[in-house]
Amino acid sequence: MSTTPEQQKREESVGLMEYSTESLVPFGPIHPALKEPEYFKLVLEGERIVNVIPRIGYVHRGLEKAAESRPWVQNMYMFERTCGICSFVHSLCYGQAVEELTMYQVPRRAKYIRTIIAEMERIHSHLLWVGLMGHWAGFDTLFMWVWNDREVVLDLVEAIAGNRVHKSMNAICGVRRDMPENMEDRIVERMRFLTDRARYYRDVIDSEETMLKRTENIGRVSAETVEKLCAVGPMARYVGLKRDVRLNDPYAAYDEVPLDVITTTQGDVHALLRLRLDELVVSANMVAYAVENLPDGPIRVKVPPIIPAGEHSSHCEAPRGEIFYFVKSSGGRTPDRVKSRQPTMANIPTALEMLKGQTLADIPIVLTAIDPCFGCMDRMSFYDTETNKSWTWSGEELRQYGINYYFPERSKKQRDLARAVSSSTNQCLREDF
Amino acid sequence: MSETITQLGKYAEEVGTKITPLRKNESTIEVAQDRLKLFVTYLVNDVHVRHLMTITGLDLGQNLAIIYNFSKERDTIHVRTSVPKAKPEAASIVDIIPGAILYEMELHDMFGIDFAGNPWKDQKLLLPDNWPADLPPPLLKTTKTDQIRRRLGLEAAKP
Amino acid sequence: MPQRKTGAVVPEMFRLMLEKPTTEAYPFKPIQLPERFRGKLDIDPAKCTGCQVCALVCPASVITMVDLGTRKVGDRDLKVRRPLFDLASCILCGECVDNCAFNALELTKQFETATPNKASLLMNKAIVK
Amino acid sequence: MLEKLTNWARKRSPWVFHINASSCNGCDIELVASLMPRYDIERFGAVLVPSPKHADVLIVTGVVNAQTKDRLRRVYEQLPDPKYVIAIGACAATGGVFKGCYNAGQGIQDVIPVDMFIPGCPPRPEAIMYGVLKLLGEVK
Chain A
1 MSTTPEQQKR
11 EESVGLMEYS
21 TESLVPFGPI
31 HPALKEPEYF
41 KLVLEGERIV
51 NVIPRIGYVH
61 RGLEKAAESR
71 PWVQNMYMFE
81 RTCGICSFVH
91 SLCYGQAVEE
101 LTMYQVPRRA
111 KYIRTIIAEM
121 ERIHSHLLWV
131 GLMGHWAGFD
141 TLFMWVWNDR
151 EVVLDLVEAI
161 AGNRVHKSMN
171 AICGVRRDMP
181 ENMEDRIVER
191 MRFLTDRARY
201 YRDVIDSEET
211 MLKRTENIGR
221 VSAETVEKLC
231 AVGPMARYVG
241 LKRDVRLNDP
251 YAAYDEVPLD
261 VITTTQGDVH
271 ALLRLRLDEL
281 VVSANMVAYA
291 VENLPDGPIR
301 VKVPPIIPAG
311 EHSSHCEAPR
321 GEIFYFVKSS
331 GGRTPDRVKS
341 RQPTMANIPT
351 ALEMLKGQTL
361 ADIPIVLTAI
371 DPCFGCMDRM
381 SFYDTETNKS
391 WTWSGEELRQ
401 YGINYYFPER
411 SKKQRDLARA
421 VSSSTNQCLR
431 EDF
Chain B
1 MSETITQLGK
11 YAEEVGTKIT
21 PLRKNESTIE
31 VAQDRLKLFV
41 TYLVNDVHVR
51 HLMTITGLDL
61 GQNLAIIYNF
71 SKERDTIHVR
81 TSVPKAKPEA
91 ASIVDIIPGA
101 ILYEMELHDM
111 FGIDFAGNPW
121 KDQKLLLPDN
131 WPADLPPPLL
141 KTTKTDQIRR
151 RLGLEAAKP
Chain C
1 MPQRKTGAVV
11 PEMFRLMLEK
21 PTTEAYPFKP
31 IQLPERFRGK
41 LDIDPAKCTG
51 CQVCALVCPA
61 SVITMVDLGT
71 RKVGDRDLKV
81 RRPLFDLASC
91 ILCGECVDNC
101 AFNALELTKQ
111 FETATPNKAS
121 LLMNKAIVK
Chain D
1 MLEKLTNWAR
11 KRSPWVFHIN
21 ASSCNGCDIE
31 LVASLMPRYD
41 IERFGAVLVP
51 SPKHADVLIV
61 TGVVNAQTKD
71 RLRRVYEQLP
81 DPKYVIAIGA
91 CAATGGVFKG
101 CYNAGQGIQD
111 VIPVDMFIPG
121 CPPRPEAIMY
131 GVLKLLGEVK
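Chains as they are written, first to last, in the working numbering: chain A, 1 to 433; chain B, 1 to 159; chain C, 1 to 129; chain D, 1 to 140.
Just so you know, the hints here were simulated from the structure itself, not pulled from any lab data.
Hints may be right or wrong, so weigh each one.
Cβ-to-Cβ under 7 Å is the rule here; a few derived chain B residues that face chain A [as the list claims (entries may be wrong)]:
no. : residue
1   : Arg50
2   : His51
3   : Leu52
4   : Met53
5   : Thr54
6   : Thr56
7   : Leu58
8   : Glu73
9   : Arg74
10  : Pro98
11  : Gly99
12  : Leu125
13  : Leu126
14  : Pro138
15  : Leu139
For glycine and all other residues, C-beta sits at the position ideal for the given N, C-alpha and C.
Chain A on its own, in the form it takes in the complex (with noise of 0.2 Å):
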C-alpha cells in the first residue's frame, strides 16, 4: 500500500506505523431492516478483521430485577417475552426451576404437550435462521420459500396456542390448554412435508453455488477453542461436540421420545447450515411421535400461589442452545432472585473468535450463523483513523457488498465497487463513498 507524503507525517506524529492499515469500524447499534441492537468495534486491517470487542446491551431492560417484585406466575409472562423467537422454552425453563421448589409433579401428558410445542418452536427457529442466511447471502429465494413453509408450523402452533409467537402456554406445574382434539392427523401430514421440505432444502444448500460460495470455508474455529470458550447449542455442535440439554439432562417428554443429536466435524458456517436443517428433521420426526404417542391424563396441577424457600437452577436447549435460569425463593410470593442466561450471550464469545480473520463481507453471514437475535449487522458506521471521517453503510448496502465481493460479474458498475473495495486499502473505500 502506497502512502501519500500526508500520511506518513501523520503516522510519524502518531508513531504507530501499523495505524496506516488498520482501521476502527463501529458496528451497530441502529440497524435499519430487522431485529435487536446490538454493537460491536471491529478492529480491521485492510479487509480482514484482527479483533473484535462487544457491546452489548441495547435491549437491556431489567428483567431480573422486575422479577423480584412481581408474583411468580406473573414472572413467567415476563420471563416468555424475553424473546420472541424462542419464548416457550424461557417460560418452560423458568418454570422448571420454580417445579423444583413446589415438590409437585408435573403430569405426564403435560409433559408431551410441552415436547410438542418446544420441538415445534425450534422448527419455526431453524426455518427462520435459514432463510435468513439465504437472505444474507444474497439468496432471497431461499428466503422466501423457508419463510412460507414456516408458516405452516405457525399455523399449527397457532391453532393449539392461540398465538402465532408468545405461546402463553406453561404454568407452573402443568400447561394452561390441552392439545385440540382431531389434530393428530393434521400435526403428522403437516410435519411429513416439512421433513420434505427441509430434505429438499439440504439438497439445495449443498448443490447451488451461490450457497456454497458465501458459506464454505467461513467462520473456522477449532473444537478445543469452541469448548474454552463455552458454546451451547448448534454452535458446538457443529464442531462435533456433543453438548444438547435434551440429551444430557432430559426434561419434559425428551427421556421417552426417540432423539437424535446431530453433530458435524466440518466446522464452517455451510456445516451450520446442515446442521440446523438436518435437527429439523429429527424435530419433525420427534412432534409426530409425540403426537401419535400422547398419553391421557389431567394437564395441570394447581400450585399455592406460594413457593416453599430453596435454591434451584434449570437448563434447557433452546433452538439456539443451551438456556439457563436460576431461581432463589426465601418463601414468598415472590421470587428473591431469578438469574436468566439466554443461549447467545454464551455464543457471542464464539462468534468474536469466527469473525477474527474474516473478510468485511463476511460479517453478516459469520454473526447470522451464531443466530442472534439477528439484526446487529444492520447499520454500520465507518470511522477512518487517518482522516477522522466516518461515513455509515447501511445493512442493506453491507448484504450488496458482500454479494458484490463473491459475484463481481453481476453487475458492471459494483463490479468496479468491489475490484475497488477489495484492493483492501482504506484510500479506496473512501473514494468511493
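Dock chains B, C and D against chain A, hints included.
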C-alpha cells in the same frame, strides 16, 4: 451418584469443604474465595468439567454470593463462593475458562463486583452509557427501581 | 453429494408457478382464524362483580379498579368497584380470563385494533352503565 | 371504506424504516412475516428500506430504554417530512409487560410523536397490515 460427583466429593474433603446435593443431578460446593482459582483449575483439568453455564450473583445482605454454574453431562455443579459487600473484589477465571469473560462483565455491571484480571472489566456490557456513576449497581437489594428510573430519565413527567 | 451448480432451484420454481398463489386475500376477504385465537379482550358488564381478581393476576397491569361509590347490602355499605382496561398494554395472555370466576371476561377474535388515538384503547365498558 | 382505503394505498407507496427499540423480536418477526409471500404487504407498495433518510414511515417496536432513547430520536429526525410513526405492540404503546422495569420506558410517545398504535403482543401480520393501511387511509 455419578463418577464426577464422587471424585469431586473426595477432593472437596481434602480441601476442607463438602459437596451438598440439591436434587438428583444438582450439587453445590462451597469454596473460599482465595481457593477458588485452584479449585476451578482442578475442576477443568482433572475432573474435565469444562462447560461453564454462567456465573450467578446473589445479594445476601452482608455478602455477595458468586455461584459458578458448571455442567458436565447429567451433572450440574454450583461452585459457590462469597465476597463481602463492602469490598466486592474477586479473582477472574478468564485465564482458565476464556468463556467466562462476558459473565464476569455482567456481574460487574449488576453487582459491582470487581474481577481482577478480566481484560474488559472496565467496560460496560449491559447497562446504558448514561448510567450515573454514583448510582449503586441495580441488582443489589438496596437499589430501588424508581430511583434508577428517575435518574435515567425514563419516568415520564407527571401530568 | 449433489453436483455443484448455479440455478439448482429452477425446476422447483417452475413447479411452484403451477401451484395456486400462497398470498392471502386479506384485506379484501376476511381471514380464517383458529378457534383458540386470542384477540382483543372483552368484558360482559352484566356478569362482572368487581371482585378484582383480574387486576391482581394481570402481568402487564392492564386492569385498574375504579371506585364507584358504595352500595347498601342489608345494613352494610359495600364498596362498588369496576375494572378499567388499558388495552394498549394488554399482552393477550388470557390469565384474567382463566381466573375470572364469573366468566365475565373473554378474548374475542377481533384483531383489527389499530388506532391513531391511544386513549380509545381504554375500555370502560364495565364502568359506564 | 375498504375500497377507498386501498385506492389510497395504491396511489402511494410508503417506504418503511423499521427500528427495534429494545423489543423482544416477536413484533419484528411478525413485521418481516408480513412482507413474506403469505401476507405480502408489498402489494400495497410498502417496502422496507435500509436507511431512515429514504423512508416515509418509521415503524418502532419495543420499549424504549435509556440506551435506545436518543438513538430513536436521532433516527426520527433523519426521516424526511412528512413523516409518520407506527408503534407496533403493547411495549411500544405503553411498555406492556415490561412496565416498571428499571430500564424500560413507558412507550415511545414520550420520545417521538406517534400516528398509529397497533396493539397486540405481538399483533398478527394481518393486524400490522390493517394498521399500515389505516394510516395510509388517514394520510390526506
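Any hints this thing doesn't respect? Which numbers, in order? none
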